[in-house]
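Participant: Read off the chains here:
Number of protein chains: 4
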Amino acid sequence: MKKIKVGVAGYGTIGQRLADGVAMQGDMELVGVADLAPTLAIQALRERDMIGANGVKYDLYLVEGADKAQFDQLDIPVAGSFEDLIGKVDIMLDSAPGGVGAKNKVLYEKMGRKAVFQGGEKNAVADVFFHGYANYEKGLGANYLKLTSCNTTGLIRAVDALDRAVGVSKVAITIIRRVADPGDYHRGLTNALQIDKAPSHQAVDLMTIMPHVEATGILVHTPVTHGHIITVLASGRDGKKITREQALACFEAHPRIRVVSIDEGFKGNASLFKYARDLGNRRGDMYEIGLWKDSIVESGNDIMFAINIPQESVTIPETMDAIRAAMEMQPDRESGTSATNGYLGIGKFKKH
Amino acid sequence: MKKIKVGVAGYGTIGQRLADGVAMQGDMELVGVADLAPTLAIQALRERDMIGANGVKYDLYLVEGADKAQFDQLDIPVAGSFEDLIGKVDIMLDSAPGGVGAKNKVLYEKMGRKAVFQGGEKNAVADVFFHGYANYEKGLGANYLKLTSCNTTGLIRAVDALDRAVGVSKVAITIIRRVADPGDYHRGLTNALQIDKAPSHQAVDLMTIMPHVEATGILVHTPVTHGHIITVLASGRDGKKITREQALACFEAHPRIRVVSIDEGFKGNASLFKYARDLGNRRGDMYEIGLWKDSIVESGNDIMFAINIPQESVTIPETMDAIRAAMEMQPDRESGTSATNGYLGIGKFKKH
Amino acid sequence: MKKIKVGVAGYGTIGQRLADGVAMQGDMELVGVADLAPTLAIQALRERDMIGANGVKYDLYLVEGADKAQFDQLDIPVAGSFEDLIGKVDIMLDSAPGGVGAKNKVLYEKMGRKAVFQGGEKNAVADVFFHGYANYEKGLGANYLKLTSCNTTGLIRAVDALDRAVGVSKVAITIIRRVADPGDYHRGLTNALQIDKAPSHQAVDLMTIMPHVEATGILVHTPVTHGHIITVLASGRDGKKITREQALACFEAHPRIRVVSIDEGFKGNASLFKYARDLGNRRGDMYEIGLWKDSIVESGNDIMFAINIPQESVTIPETMDAIRAAMEMQPDRESGTSATNGYLGIGKFKKH
Amino acid sequence: MKKIKVGVAGYGTIGQRLADGVAMQGDMELVGVADLAPTLAIQALRERDMIGANGVKYDLYLVEGADKAQFDQLDIPVAGSFEDLIGKVDIMLDSAPGGVGAKNKVLYEKMGRKAVFQGGEKNAVADVFFHGYANYEKGLGANYLKLTSCNTTGLIRAVDALDRAVGVSKVAITIIRRVADPGDYHRGLTNALQIDKAPSHQAVDLMTIMPHVEATGILVHTPVTHGHIITVLASGRDGKKITREQALACFEAHPRIRVVSIDEGFKGNASLFKYARDLGNRRGDMYEIGLWKDSIVESGNDIMFAINIPQESVTIPETMDAIRAAMEMQPDRESGTSATNGYLGIGKFKKH
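If you read the protein sequences in the order shown, they are chains A, B, C and D.
Quick note: the first sequence uses my numbering, first residue 2, plus one each step.
Quick note: the second sequence uses my numbering, first residue 2, plus one each step.
Quick note: the third sequence uses my numbering, first residue 2, plus one each step.
Quick note: the fourth sequence uses my numbering, first residue 2, plus one each step.
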């Protein structure tokens, strides 16, 4: 089988994980990653002799404006230019800083390459606003796809699961947002909750992906780094009741939802981060969202529950799905997401 | 007019503020406060020559088990025993640690004195579970009342206002809880969100006070100290729509609700704490809950909004209301809460 | 006695407290405060009918570029222009944002008015870099003085006290810095310590004020809001030993140093903030630095100890001292600082 | 070569990492790990089919009091009892909760097995208080060794390096302590610094290991999770000056010290945690302490600098050293620590 050739633009928090994700797909080949400066992420790659996940070598390409002398000085090998990388791939994953992806797209178009953009870009950059479980088929053969952001990706996993099982007409969400990633000194909040104007963009984005659902919500930033928590109040279609049992059943059946409980010791977002480290997962990452079994409560006919979003890694599986859809590697949602899950080891724990 | 004589048991975070609250009521007299040990709160009172709010002298009485020698050594004047205090008052405010109030009640009953307990006690300690705005009349002439907890007190202010204006049948809440008060080293959470089993007790308590409303909710602890934020999704009676305008109007009319906006600079719970300090409020406290105008959004026929609960001081006005009801100082909700508001300076800002 | 007329430029965190400080000095008159925009601090003043500390009315003057219509819309009374204010005063306290003070100075010079600048300005703005206890006499009659920053002000209190008592030749400090004030959403750090390049500017500043002492130090930012903690290692002159008893004695004798202990319940910076609130201090402020008795340890001939800096209010007393020196209200350190302490109620607790 | 057989008692934060460390030593065999309950750490191991670091299977043994039915219910395979494990090993690494190690020692003695205890046990539990670099030879052939705690281990690395290079007579330290590990909900501090009584035990412990050095220090807890920062002021022997260049040279030569700089992007403890994750290190761990090049400053004849202690993993290399010393696998410090470093991949980055 010929492997799909993939490049990654931007080797930051998401880009590193996208590269790892591709390196783990047996039917894809990571051609290389591109960046501008010898950041600590790239110095870390150098320290490991450019070997990334799964023993794969990550070749480094430089985008326009990069100063190669800086890389030489740090003894970081450079494989070529950004155009060189694009020329060698079937599809680019663009995780450049917000706004840069739109500029990169000009290159992708000129060179006739497909691309998947991350949530930081405007929707207009892409033909399809994509989610592996909610609208895989829309991405089939598309040239330019944009992924939902981390919160929206995880949220849609749960709402889509519920919708397919019992029908959802309306959701109201409260996002308790982690304000920065571990080690991110650019953002920060100290002893304060910060509220955004409602409705949150995540609710609006959900409606773009799932137009038959009415969504609104409020977002509050909190001074923590290990995962967002979202509470969701979902109403059934035509006022139909959604029971706790129905909700739990569909969550437990979903490969990318990890149903946990406080009694087991999952006390909050930090427990899930710790568990991912205890699993020995690379970077202490987790691909699944957490869903607290003991948070599921009925509110009249509606159902309420809380999920945990591992912000750094949650979009990686859906981005792999996006490659599969764009390159028509698998014809439908079921086969596409299954292939991704298999290579990433997602859902194995469900057997227990 | 003869002033109602009031004593306070327990001079901790709440007790200090209850004493201040009573000292500010023109128709009440603070007879004294009782405690067990020469805590920092009492040492601070000593440093101020036992002068509290409004220039009132706070006499200190010792509960059973207190070691008077410790007080003598620190040169802290003692006015008598707990029984001495009870004997001199018409009504006790009990803010002893959770569970101690139930024991104190034996004394109150023996000595024929009324009492108002704080939220930490079990409901069974009291005849009436009380909220100044939601059920003032139930408290009229009652001997033993228990206040709602801080979150529930603030939450009910908003839900009761909405209910009286447009009718509410159901609420689903998400409590983003501050985990400790400033300077509380006994509690603490570091870089973690912590979730409780649903439903939250605040939702359950709301139903006890407002039995015609169905309530549920999820509570998440966050590592901050300056106020809880609660998001509320409220459904109208018989499926009737509640509009943004209706909600805003009833919140703006409520003396104990401070409607604020992000654009003014109220970015979160810490902004409200800072504003209370900028107001020069004693201890940097605020009696009103905050309600973000720009958080109010419609969700189908339901209305969603976010409130801020100043946990240390929010129950003080409703406790003053409880004294008024128990002592039948004012015959109804309107006159009772108005008297409290007048003495505490609540709602004056509404004029602007 | 004719009162010295004082104006305050910039009504932010420091400016509010400077105005309060002046309002409490029996021999000074607060003519007014100046600012650019109707900030929350000014809206809070408006809500209190422009009444500040000590029952004093704070007249508001607008600096150049202010939009008076914004103030009118919020019903905030305006007393005149910045020049109007300057024209009415003997001396200005400038707590404008860093850099603006240097521009304001042009006006002060033009109008022949003295001024005291805060730590955010460059040293060159002033004739004297001033500390009430360390170099009061240098400020006598000076036209332009600059205060030390909050950390340096508190640090010098302790080091100067030790130096006068036993002689200090060298200090090495570690500043454990609070990263933002309560309610400051512009700064922030989440689950991270952040280190600055050494030596810290506070060590360098100390040497400017106390040139006979060699100082260096390392500063680490921490995600808290209630006071910096500094550990100080001080060496005696000519290698002479400083004993724990000597150090403790001179700290206990200092009016602006509050010697506390862990056993009393002062567990950290937040305990001191809580204690200031329990004292009923306006804004929950404290003028004294804290010094932990149980942190004082001998290191060979050197002495090591830890102090707590209440960053929002610590410079207020020394700024009052600066007015006294510049206006020659008192002829020397002893009488100048005593006058300030008396009006601010500092050191009264020492009697106990 | 016959491999040394090692068991690990207690599979918590340290125990997991000890097991990983042993699994990576080519001349050791991890016989198994022992614990009491099916904690999340053990459930994580189960989820990975009991495969730990380096592809090694971790057999699980149950200590007395364990309820095997709980393990069966979770489908967790059990290899035997604690005694079974002890019987199969040459040496035990005991990372049971503080105090339990002393009880376990009775078993070790009875069964004639050596053991290495972690810092939580009292010194009396062991014959030798051990540090791989500072006193390897003392551990040679010893039966019971106790490791220094995380802070002390990292601190001694730096002080011992300096001492061997230029001679150290005295150190004064300020420990800016992370208060909990990521995901540890048992400890916590919210918006507060907390000070301990001086001197810190780490200073006292340093003197036990390096009796020719006088040490004291102050410890302040901070609400963060990713590594302690310690500032060290070191004085040379006989008053001899230590220069910045001397200090830097000896730190750069040390395999377990990673010299970093703020300019490279290492802004604080969280940068080092992030870098370890970016390296792809298992659990995001780092074995080296960080040392900021730009924190090194001279203070008269003394030298001051700041180090970062990755609290979860820093003691692992020195514990491997302890096995080597106790089992006399290598005859001296140089060969013992080199063997550990080689297997753990420590110091490789020094080449660049």
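Honestly, the hints are just simulated from the structure, not real lab data.
Do not rely on the hints blindly, as some may be mistaken.
You can't tell identical chains apart in this list, so a pair holds if it fits in one copy or across any two.
Claimed, not checked - Below, computed lysine-lysine pairings styled on DSSO-like, alpha-carbon distance capped at 30 Å:
#	residue 1	residue 2
1	LYS69	LYS349
2	LYS294	LYS4
3	LYS104	LYS123
4	LYS6	LYS242
5	LYS139	LYS123
6	LYS242	LYS69
7	LYS241	LYS171
8	LYS4	LYS89
9	LYS349	LYS198
10	LYS111	LYS349
11	LYS4	LYS171
12	LYS139	LYS241
13	LYS69	LYS171
14	LYS171	LYS198
15	LYS294	LYS69
16	LYS242	LYS106
17	LYS241	LYS106
18	LYS294	LYS171
19	LYS111	LYS294
20	LYS242	LYS171
21	LYS69	LYS198
22	LYS123	LYS294
Participant: Hint by hint, say whether it matches the structure.
Facilitator: Results of checking the hints against the structure:
For the homomeric pair LYS69 and LYS349, the shortest alpha-carbon distance between copies (24 Å) is at most 30 Å, but the shortest distance inside one copy (43 Å) is not. Proximity of LYS294 to LYS4 under the C-alpha cut-off of 30 Å is found in neither arrangement, the shortest distances being 40 Å within a copy and 46 Å between copies. Taking identical chains as interchangeable, the C-alpha atoms of LYS104 and LYS123 lie at most 30 Å apart only when both belong to the same chain, with a minimum of 12 Å there against 42 Å between chains. Within a single copy, LYS6 and LYS242 get their C-alpha atoms no closer than 47 Å, and across copies no closer than 53 Å, so neither meets the 30 Å cut-off.
In the homo-oligomer, the alpha carbons of LYS139 and LYS123 lie at most 30 Å apart inside one protomer (18 Å), although the nearest pairing across protomers, at 56 Å, exceeds that limit. Proximity of LYS242 and LYS69 under a CA criterion of 30 Å is satisfied in neither setting, with 61 Å inside one chain copy and 42 Å between copies. Proximity of LYS241 to LYS171 under the C-alpha cut-off of 30 Å is found in both arrangements, the shortest distances being 12 Å within a copy and 16 Å between copies. Taking CA atoms no more than 30 Å apart as the test, LYS4 paired with LYS89 passes inside one copy only; the shortest distance there is 13 Å, against 48 Å between copies.
For the identical chains of this complex, LYS349 and LYS198 are inter-copy neighbours only, at 27 Å across copies versus 40 Å inside a copy, given an alpha-carbon limit of 30 Å. In this assembly of identical chains, the alpha carbons of LYS111 and LYS349 never lie at most 30 Å apart, being 41 Å within a copy and 43 Å across copies at closest. Taking the closest pair of Cα atoms, LYS4 and LYS171 never come within 30 Å of each other, the shortest separation being 41 Å inside a single copy and 55 Å across copies. When the C-alpha separation of LYS139 and LYS241 is checked against a cutoff of 30 Å, the pair qualifies only within one copy, where the shortest distance is 28 Å, while the shortest distance between copies is 37 Å.
When the C-alpha separation of LYS69 and LYS171 is checked against a cutoff of 30 Å, the pair qualifies neither within a copy, at 52 Å, nor between copies, at 46 Å. Taking identical chains as interchangeable, the C-alpha atoms of LYS171 and LYS198 lie at most 30 Å apart whether they share a chain (20 Å) or sit on different chains (24 Å). Taking CA atoms no more than 30 Å apart as the test, LYS294 paired with LYS69 passes between copies only; the shortest distance there is 25 Å, against 52 Å inside one copy. In the homo-oligomer, the alpha carbons of LYS242 and LYS106 never lie at most 30 Å apart, since the shortest distance is 45 Å inside one protomer and 45 Å across protomers.
In this homomeric assembly, LYS241 and LYS106 never come within 30 Å of each other (Cα to Cα): the closest approach is 44 Å inside a single copy and 48 Å across copies. Within a single copy, LYS294 and LYS171 get their C-alpha atoms as close as 21 Å, and across copies as close as 23 Å, so both meet the 30 Å cut-off. In the homo-oligomer, the alpha carbons of LYS111 and LYS294 never lie at most 30 Å apart, since the shortest distance is 49 Å inside one protomer and 46 Å across protomers. Both within a single protomer and between protomers do LYS242 and LYS171 lie at most 30 Å apart by alpha-carbon distance, with minima of 12 Å and 15 Å respectively.
For the identical chains of this complex, LYS69 and LYS198 are inter-copy neighbours only, at 28 Å across copies versus 43 Å inside a copy, given an alpha-carbon limit of 30 Å. Proximity of LYS123 to LYS294 under the C-alpha cut-off of 30 Å is restricted to the inter-copy arrangement: shortest distance 28 Å between copies versus 35 Å within a copy.
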